[in-house]
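Trainee: Starting from the structure of chain W, add chains S, F and E where the hints point.
4 protein chains.
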Amino acid sequence: MAAVSAVENGLARTPQMGWNNWNTFACDVSEPLLLETSRIMIDTGLRDLGYNYVVLDDCWSEKRGADGYLAVDESKFPNGMKSVADSLYDDNFLFGMYSSAGEYTCARYPGSLDHEEQDAESFAPWRVDYLKYDNCYHMGRMGTPLISFNRYNEMAKALKETGRSILYSLCSWEEDFVHTWGGSIANSWRVSGDIYDSFARPDELCGCGDATNPHCIAPGTHCSVLAILNKVAPYIDRGMPGAWNDLDMLEVGLGGMSDEEYKAHFAMWAALRSPMLLGNDLRAMSAKTLSIVNNPAIIAISQDPCGRPVHLRHRETHVWSGPLANGDQVVIFLNAANNDVDMEASLEEIFVSEGVGGTAPQVAQEWNIHDLWAHRMRDKDSKAILDASDARAACKHLQQTQLNDVRLFGAKVGTVLPHGKINVHVGRHAAKVLRPRSSA
Amino acid sequence: MAAVSAVENGLARTPQMGWNNWNTFACDVSEPLLLETSRIMIDTGLRDLGYNYVVLDDCWSEKRGADGYLAVDESKFPNGMKSVADSLYDDNFLFGMYSSAGEYTCARYPGSLDHEEQDAESFAPWRVDYLKYDNCYHMGRMGTPLISFNRYNEMAKALKETGRSILYSLCSWEEDFVHTWGGSIANSWRVSGDIYDSFARPDELCGCGDATNPHCIAPGTHCSVLAILNKVAPYIDRGMPGAWNDLDMLEVGLGGMSDEEYKAHFAMWAALRSPMLLGNDLRAMSAKTLSIVNNPAIIAISQDPCGRPVHLRHRETHVWSGPLANGDQVVIFLNAANNDVDMEASLEEIFVSEGVGGTAPQVAQEWNIHDLWAHRMRDKDSKAILDASDARAACKHLQQTQLNDVRLFGAKVGTVLPHGKINVHVGRHAAKVLRPRSSA
Amino acid sequence: MAAVSAVENGLARTPQMGWNNWNTFACDVSEPLLLETSRIMIDTGLRDLGYNYVVLDDCWSEKRGADGYLAVDESKFPNGMKSVADSLYDDNFLFGMYSSAGEYTCARYPGSLDHEEQDAESFAPWRVDYLKYDNCYHMGRMGTPLISFNRYNEMAKALKETGRSILYSLCSWEEDFVHTWGGSIANSWRVSGDIYDSFARPDELCGCGDATNPHCIAPGTHCSVLAILNKVAPYIDRGMPGAWNDLDMLEVGLGGMSDEEYKAHFAMWAALRSPMLLGNDLRAMSAKTLSIVNNPAIIAISQDPCGRPVHLRHRETHVWSGPLANGDQVVIFLNAANNDVDMEASLEEIFVSEGVGGTAPQVAQEWNIHDLWAHRMRDKDSKAILDASDARAACKHLQQTQLNDVRLFGAKVGTVLPHGKINVHVGRHAAKVLRPRSSA
Amino acid sequence: MAAVSAVENGLARTPQMGWNNWNTFACDVSEPLLLETSRIMIDTGLRDLGYNYVVLDDCWSEKRGADGYLAVDESKFPNGMKSVADSLYDDNFLFGMYSSAGEYTCARYPGSLDHEEQDAESFAPWRVDYLKYDNCYHMGRMGTPLISFNRYNEMAKALKETGRSILYSLCSWEEDFVHTWGGSIANSWRVSGDIYDSFARPDELCGCGDATNPHCIAPGTHCSVLAILNKVAPYIDRGMPGAWNDLDMLEVGLGGMSDEEYKAHFAMWAALRSPMLLGNDLRAMSAKTLSIVNNPAIIAISQDPCGRPVHLRHRETHVWSGPLANGDQVVIFLNAANNDVDMEASLEEIFVSEGVGGTAPQVAQEWNIHDLWAHRMRDKDSKAILDASDARAACKHLQQTQLNDVRLFGAKVGTVLPHGKINVHVGRHAAKVLRPRSSA
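Those sequence lines, one after another, are chains W, S, F and E.
Note that the first sequence covers residues 133 to 572 in the numbering used here.
Note that the second sequence covers residues 133 to 572 in the numbering used here.
Note that the third sequence covers residues 133 to 572 in the numbering used here.
Note that the fourth sequence covers residues 133 to 572 in the numbering used here.
Bound conformation, chain W alone (with noise of 0.2 Å):
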């Protein structure tokens, strides 16, 4: 049987990669921010390394007109939606929207609840590719998976009938158990509630902190990188092509993180199989910045065309790993910790086998080990594509990595021998991603 996407709709084959303002702007949305983003996301080759889509959040709306149909903000978009997208479209992007399947939106904007038609009949002629479609307001009709089924079922057939071909990401925070029935009506499902600029650090709001208490029933909000990885981890494996967990847009850049965390938290919803959202001020960006977020190595994890997500395979000592569509294999060592360890993990451990046999197949091989962020881009590079006006650094970077560069494998920094293991030293709140190959 051909490989079909569950939500049969072709999209998100490999996670979803762009930009999305809601990180950084929330509210204070408007044409000329989508557009200069755009041309931010061009110039510095973000667009042409996979970053394509770019997604408009909240607050875009006036109330519903006499006729019930949304009306765009025209003080936010004065040319209404459809030349944002014909706009985009031209520079090559695609255009992501926003809606919740409530009453309000979150920030209380008109939602699509119950005009489930009506609006995708307004965003099938924008030209929107793309629909983040939000939980906020819910009027009660959740409890059961059949209920909240139902309820973003509703939107998943308004927007088939319009005949469009849209990404449809659901924002419904792993209430009943998105993740069992996702897949089935959509192209990604949020798995907690909203991320913050944090690593680590604990906060009532989301899902109360304290997992073991029962009275922690709100998905929350301010969910650390730490704590959205915790609560994914058991059911990482139900994202597959076409259908992914999604972990929330990305924190890189915004400040409240060090520059290994933010290494950490992107090499994690990379190698996780999360969509890829930047959602940083593009106008803003450091060097150090654009130097994750423009990494080869790392992004070749995260559109792997095999699409399986690492697996954790020690909750304690946070190591994950997963297959590659090449054979190789991605490994995460990740540092929870608050002060620099040494971590170990054998290849047993590394390569869990997924058939006949406890041991794979893989344990009794050699491999050579890279380390992807080995090559890095350094900061006078990074700094030069940010200045360069024109985009040739940026044009330079990805000429090298089209060759099929050798950056897109980091760099070799050792090897293990059958049956042998890895030894890392790891800083606080850093991650080590190696890629081991085959040395046959």
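Misleading hints may appear alongside valid ones.
All copies of an identical chain are treated as equivalent in the list; a pair is satisfied when it fits inside any one copy or across any two copies.
Listed below are the simulated SDA-like cross-link pairs for lysine to any residue, each with C-alpha atoms no more than 20 Å apart in a straight line [stated by the list, open to error]:
| id | residue 1 | residue 2 |
| --- | --- | --- |
| 1 | Lys289 | Ser219 |
| 2 | Lys195 | Glu140 |
| 3 | Lys195 | Asn141 |
| 4 | Lys553 | Pro493 |
| 5 | Lys553 | Gln461 |
| 6 | Lys544 | Arg273 |
| 7 | Lys214 | Ala256 |
| 8 | Lys208 | Ser162 |
| 9 | Lys420 | Arg196 |
| 10 | Lys214 | Glu253 |
| 11 | Lys515 | Glu307 |
| 12 | Lys289 | Glu235 |
| 13 | Lys420 | Asp175 |
| 14 | Lys289 | Arg273 |
| 15 | Lys544 | His446 |
| 16 | Lys289 | Asp246 |
| 17 | Lys420 | Arg508 |
Just so you know, the hints here were simulated from the structure itself, not pulled from any lab data.
All of these numbers come straight from a predicted model, not from anything done at the bench.
Mentor: The following block gives chains S, F and E in isolation, referenced to the frame of chain W:
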């Protein structure tokens, strides 16, 4: 888009304030009780400080008549309900009433389940402005948010159909995640079983006392102040103008807590934006009780137009903070321990960034720290108000307050430099309530 | 408003008392067993102490007939059910019957699910006064209170339609929060899986033994006395005249517990206002068993007209207390530990204020402390009753009791001054059952 | 009343035995694989020991045809399904088939959801005797037992309508408490996520590994033997003739566990009355593997006509026991620890009273203790069977067994006096499997 109330009745833009008879009088209700109490609320200045709802609780009815309509117990209300409401109106009060979304009320009087329209049709001509709507004897109609939503929405619709603006106050003890949908149909929703007059005493009847015990399935009664605070912490952010988490009626002055505990209870309810319904016997109020509930600096927190509840920054240390409309912050150090403790919080902990950057801009500012209990009325002054039957002393107190008296802001007790910390010594079960104000 | 029964059938104003065959005889039922047992209940005085229901449990039927009605197993009941009921009536007993809200009964006889009307139509002309209604093989009809309520309500309606007053006893093991709705349709509801004859032995089949394990989803069987007490503690206050928490039938005299454990079991069931159904073989009752179950001082607690179950004041120390109709209090110190302990409770802990003020007025009174086991019948006296076939000794016991004998109140064993404490030494798995009486 | 099967199809009066391709071959299925395997089952004597179902798992179909009926993948089954079944029939096997109650099977082939009648109409003429029915891609139709029951009941009804007796095996991973309703419509039901070839290795994908973490909502995959045993312990008593808890297919011989671990795994599955489906590649079976799965003493436990699963007497020490039809008992000491331990159990712990009295009568008897692994076939004998293509050695083994060979009862290894104890030394991850037999 203009801000709208969740329930779209325009009420409770700040948390409702007033008095409810239950905590002191339970079923011992009567017209004289309500009218005498309202008289004291005027004379002590409480009405003009904002306590303007007089809410009658359970036990006011007879059985339904042959026509299916509720009959008022004439022994308790010989002139009928409208007469009570008229008297209250003449004194600029609003009148609150009680029923239950069950076959019975909690005290086993006739409930409104399946009689919603009839009962709303009774309430409106009685000039009812407020309905507390309870959860006892629900005939099994719970178990998913959708089931509970539908049950409570019946009364919402019935109230709306009367054409009268009636504040709708749900009392379903957080069953079926009411915090996720209550605001769509009501102005407030209870978050726990009934409060009782204890700060921290564990009681097996309040969610069992041990929140990690899955056998603890009863929302319960006998919930201490601390149990309620812990329960609401993860979703306190669901409160907003027009729709509030209800932590239950106040116990201040009933006798079961120390003065420091009552101060902490009162301040926390205000800062968390709970409705503020006095529950004590106003005819026997002490000077110390009055000087708690008439503290304009605390009431100003409750009624801040911004309407953003403080958040729990650290569960272990019970540091809560949140922003105010004028740019000030409120910070509470609550000492839940059984001995005095030294507590500390950095500006970085107090000002959690809501948007871009891990560090809020306020962290880099200098702040004057104001103690909101500093200008608590002296005992002799509050005693004078209580003794004076002509309310002149109260009036003077109010006049000062209305002149934007400095006492709205307590007293300055220190300064914190940019990136600095606040250190306080807090007594057992006390709360240090501070209002940092920018020194700029 | 006049007090009404929840289920409005006027029955079980105090918890039902009687005998049920299951714990001893399981499926080994017959007409002679019921009639012989009832004869002993008369001769030993148990009937006249209040044990007036004789309840037949599972296994009495054949398959349904062609007409869809249940057929009685003629090998067990050759004269039919009505004949049994008639005999019991002649001796002033009431007759109880069993079925299940499933396709089968628990022993896999025909169940009443989807046959409720037919079966009620059988029970009424058989003079059935009581229906124990079980939960096995429910065809998946559970999962929300509403689903379970509807299933059990079918039989409630069917019983009502017969026009006969039939005590309705739910046996759904606390599934779907029956304590929140059982009282709307029934006179009692089971709160746990089946009891077994052990005081504290953990068993993996009773809610897994480890209440903090979320995998423990089975209400289970093999529930020890202590497991049941711990489970019902948080909602024991839902019991009230006409509607009781059912802790399952008594194990007293079956042999698996010590005399002290049986005394504790019996006293706790009485004080918690559970139905009191003897489960032992009365034909082989020991003197010590009889003197437990015929203790008028304990039965008086069970049948106190006030009907307010004792509450658990502290889970760790298992101090329970509650008020009685005449102003006395019952206080139980239950020692759940494996060794003797000294226990203590202050009047402030014993008398928890229900209304205003943290301190109940009783704390300021002086109390005479009565030990309700002090006048337990001596072995030789209870043996004499069991030996005497003419019931004269029992009669004498009863006459004394009916004269408001001091033994209803046990014996005074001390006095507590205002604001004082009670100190007791309690043996392993024993319960000290005290009745403080005002010395005023 | 005559005993009836729960699902009333008369099948699986003892747990089904056979072979399923999934654990070894996953999607790599074909007619030759099934027929070669069945040939080996004959030659090695496994068929005649009871392994008589050959079950084809996922991946056998093409897309649905234009008529809506499933089409067999002709590259894998060129002669169609009926031809496979016919061949198996000729060799006295029964034929098992697979589908899923979802839009897809787990491997994303067409599922039977909303096609139940069509697919049952396909299976019956193909001579299908057994249907494993999976749970992937359920379109959100879960969340209460009622929702899941209805979904699985659609296929139950469709199978019944065909008029063919088809063993119905649910694979819904214990979702929605299937153990409470599975037996009403099916012959077995899975109790966990998929097993993997490890005795105790924690894996984040099996219910998260940490059962006390409420975020662990995924039934998961990669469940170790020990994880499954712990999960099923509280409701293992729901298994009975015709309706069994299914602990998933066997991993014996796949290579991930030690010989002692496989022995323990096999014995526990037998004693818990799980279906016994071999999952290894029979074409490459070792002598040690054969001598585990052909141990008649263990198989006799599995197929004991009494059908009462052993119960866990103590979670910490993993002592399991239960009764057998002839009055013997089976007792298993499972050592879940990582080192050898001395274990002990008294007769009182082993024989838990089911009826009257805390002490079972067996406690007062003397017992001969038999070790059921004592007569495990010697390596050279099992190797001889595997080497012999004419099956003569196997035949000899069977003849001995069928003569009620003493090996059905293992070997006597000791005696326990009345009220005595059993003491054993148990190796890491081993299980001592004993069968006490009355010495009377």
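Trainee: So which hints don't hold here, by number, going up?
Mentor: Violated hints (numbers, rising): 1, 6, 9, 11, 15; every other hint is consistent with the structure.
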